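Novice: These are the residues of each chain, in order.
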Amino acid sequence: MSKRGFAKEAEEEVRAMNDTQTDLQGDLLVILRHGPHGSSLLREGLDMALVAAAFGRRVSLLFMGTGCTALVSGQGQGPLGQKGTQATLNMLEMYDIETLLVESEAMHALGLKACDLSLPVIEVSPAQIQAAMTTHRLVATF
Amino acid sequence: MSKRGFAKEAEEEVRAMNDTQTDLQGDLLVILRHGPHGSSLLREGLDMALVAAAFGRRVSLLFMGTGCTALVSGQGQGPLGQKGTQATLNMLEMYDIETLLVESEAMHALGLKACDLSLPVIEVSPAQIQAAMTTHRLVATF
Amino acid sequence: MNLHTLNRSPADSRVYQQTLQAMGHDDQLLLIEDGVQGALPQLVRYFEDVEGRVYALKEDLEARGLLGLCADNVHVVDVDGFIELTEQADKTITWY
Amino acid sequence: MNLHTLNRSPADSRVYQQTLQAMGHDDQLLLIEDGVQGALPQLVRYFEDVEGRVYALKEDLEARGLLGLCADNVHVVDVDGFIELTEQADKTITWY
Amino acid sequence: MRYGILLLGAPYSRQASHSALRFARALVAKGHILDSVFFYHDGVYNAARLAAPPQDEPHLMDGWKALHDEHGVKLDVCIAAALRRGLLNETEASRHGKEGYSIEAPFALTGLGQLVDLGLRCDRLITFAP
Amino acid sequence: MRYGILLLGAPYSRQASHSALRFARALVAKGHILDSVFFYHDGVYNAARLAAPPQDEPHLMDGWKALHDEHGVKLDVCIAAALRRGLLNETEASRHGKEGYSIEAPFALTGLGQLVDLGLRCDRLITFAP
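Chains as they are written, first to last, in the working numbering: chain A, 471 to 612; chain B, 471 to 612; chain C, 59 to 154; chain D, 59 to 154; chain E, 4 to 133; chain F, 4 to 133.
Isolated chain A (complex conformation) (with noise of 0.2 Å):
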């Protein structure tokens, strides 16, 4: 599990490093503030995210707050059976949607480390955020 979670730090400390503006333009930036299960926002805002992705539209996911729950692993159904976002999650790769920022502020206040999410992500300062906010021509909040 620690030997995963290394692999996994450094793998994303690589990509942190290469991450530059160009690599971060795009149609449309979907900021998700909300954690699954608890309100529906999490779910309408992947789903604004699939669907401009499967028109063809360059599409980059912002995870802030407490929406970065969004990706801890092990996530399971409701009890009464809602599906919560886990199979969405696993879906984003296929639609070509690869860059998923993680604001960093917030990941520390919750005391999440990347091994503890369910997907390869970079964390971002307040700057980065600022970046992203002006090189998607489209911005949308969840």
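Worth flagging that the hints you see were computed from the coordinates, not collected in a lab.
Some hints could be false.
Calculated cross-link-like contacts (lysine-lysine; reagent style PhoX-like; alpha-carbon spacing at most 20 Å) [to be verified]:
1. Lys77(F) with Lys68(E)
2. Lys68(F) with Lys116(D)
3. Lys101(E) with Lys33(E)
4. Lys101(E) with Lys101(F)
5. Lys33(F) with Lys101(F)
6. Lys116(D) with Lys553(B)
7. Lys116(C) with Lys77(E)
8. Lys553(A) with Lys116(C)
9. Lys101(E) with Lys68(F)
Just so it is clear, the structure is predicted and the values come from calculations on it, not from any experiment.
Based on the hints, put chains B, C, D, E and F in the right spot on chain A.
Specialist: Okay, now just chains B, C, D, E and F, sitting in the frame of chain A:
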């Protein structure tokens, strides 16, 4: 205005001194934590209080957090003609709802003083809030 | 003795401050829905004034993948445990 | 330059922290709905990092009786001013 | 014990309805009496008779109906909150000159007096909120 | 300029709908083009055709209709968000075997592709949220 404010404050101190657990007993405590216009929760909480009072129940109100702004003087209609809640607040006395508690910490956090409010209130400490929770048969949070 | 339920994360909302003010000396706190985030070790410190009286709903932790990340000093209960808490308490007060 | 709107009071919700992180050097902030509480002198300090670039919607202040209680360093604009801010900004980003 | 539930959250938008239904089922399974569920604020949307959720998701309205059918749980909807949100039964629809209706039995439109009554006649009133 | 509005809040429950309608009216009064209002999340509840608010309160649905009739503003409702919340037009009602319908023209059920398109074809997209 400041004179009126002073009179109100004096009046309030007297009320606060008279305030005992016995005075606070009642059938229903409605906790109001939302200001006017932003959501319908303030109105819906007040409606429950008025209906209970109309059925002869002893009702107290406790304003907490940003709910304290519900009592600020000089509220108006919304820009589309939304009614707001001032008219409902003015009816409280007619329904014998006279125990209006406001969370002291919230008043400080918002920088509000009793003289900013349109109705006479009792500022309450955490200990008094806890007492109110046990001296009312029913507690409803809005 | 009253039971208080809280469905908001202290990382999101300040309503936990109201909850804490309203909790008497032997009242209990149950974290549900998004509120279970408060059971994370980094966030449970917001509830240190009521330590030992904090519960979190197992099903909501599980659905979010947070069961394994939960702090040791939080009692995990399932929905039957939730009902037992409401049986024992005089009233259940909801914070959201 | 982007415009950010915020409809939550900083006394209630921590979303203002996300807003501030996302604001570039010349971005502007418009407080609307319950967000106008942030224009109160006691709360405007949460926005000191973007001082001079904070606006509050007049109609929403008025409806809440807060127009007269507003801090001096907040620009008050009506709905036409809101539209002008959106004209000038490349994008409008909504925080809630 | 006799329980009442006050539900303030819309279905699908927030977890409140799921939490309330789960709690309700566990209550009756434990042998408690669930007197009524009172739908108020956005909770009234739970009564929308045309709800058509995807088949792989829980059908909340059917869940409430089953509680009524199997355990006699009353399903009371605040009439003032419902009308402004477009939830009318046949009686209210004709009173307001509208064709069609959006809620039906076993959901019953009623006043807030029922909520106060429920709270005072039950041993426990549990609120689930958005 | 060409504007689009994304509305995520339910009417009456939250101020978002009031804010959006006020903004929309001011936009057209200022000579801007308002292309469409897209209703998503709880915003879809704005399209409920049976809404019967008290007469001394603004009738939001009539306000949206007037924008359509007088200024050609398209009123697009996310179909996935609407169905699970019980908002069906006649076509969808018959497809799902339901009697009756809860939304009608000028509100149109459509997919999220329309929202993405709206955002990219307009000069400005403004979101009003709960």
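Novice: Taking 20 Å as the top limit, are the C-alpha atoms of Lys553(A) and Lys116(C) close enough?
Specialist: Holds, at roughly 17 Å.
Novice: Would you mind confirming whether the straight-line C-alpha gap from Lys68(F) to Lys116(D) stays at or under 20 Å?
Specialist: Given that 20 Å is the threshold and the Cα spacing comes to 27 Å, the pair is violated.
Novice: Within a Cα-Cα threshold of 20 Å, do Lys101(E) and Lys68(F) meet the stated pairing?
Specialist: 17 Å, holds
Novice: Quick one, are Lys77(F) and Lys68(E) close enough, alpha carbons at most 20 Å?
Specialist: 37 Å, violated
Novice: Given the hinted pair Lys101(E) and Lys101(F), is their alpha-carbon gap at most 20 Å?
Specialist: 18 Å, holds
Novice: Holds or violated: Lys116(D) with Lys553(B), Cα cutoff 20 Å?
Specialist: Holds. Lys116(D) to Lys553(B) sits at ~17 Å (cutoff 20 Å).
Novice: Given the hinted pair Lys116(C) and Lys77(E), is their alpha-carbon gap at most 20 Å?
Specialist: The hint is violated at about 29 Å.
Novice: Under the criterion that the straight-line Cα-Cα distance not exceed 20 Å, is the pair Lys33(F), Lys101(F) satisfied?
Specialist: Distance ~43 Å between Lys33(F) and Lys101(F) Cα, so the pair is violated.
Novice: Sort out whether Lys33(E) lies within 20 Å of Lys101(E), counting only the CA atoms.
Specialist: 43 Å, violated
Hints 1, 2, 3, 5, 7 from the list above are not met by this structure, while the remaining hints are.
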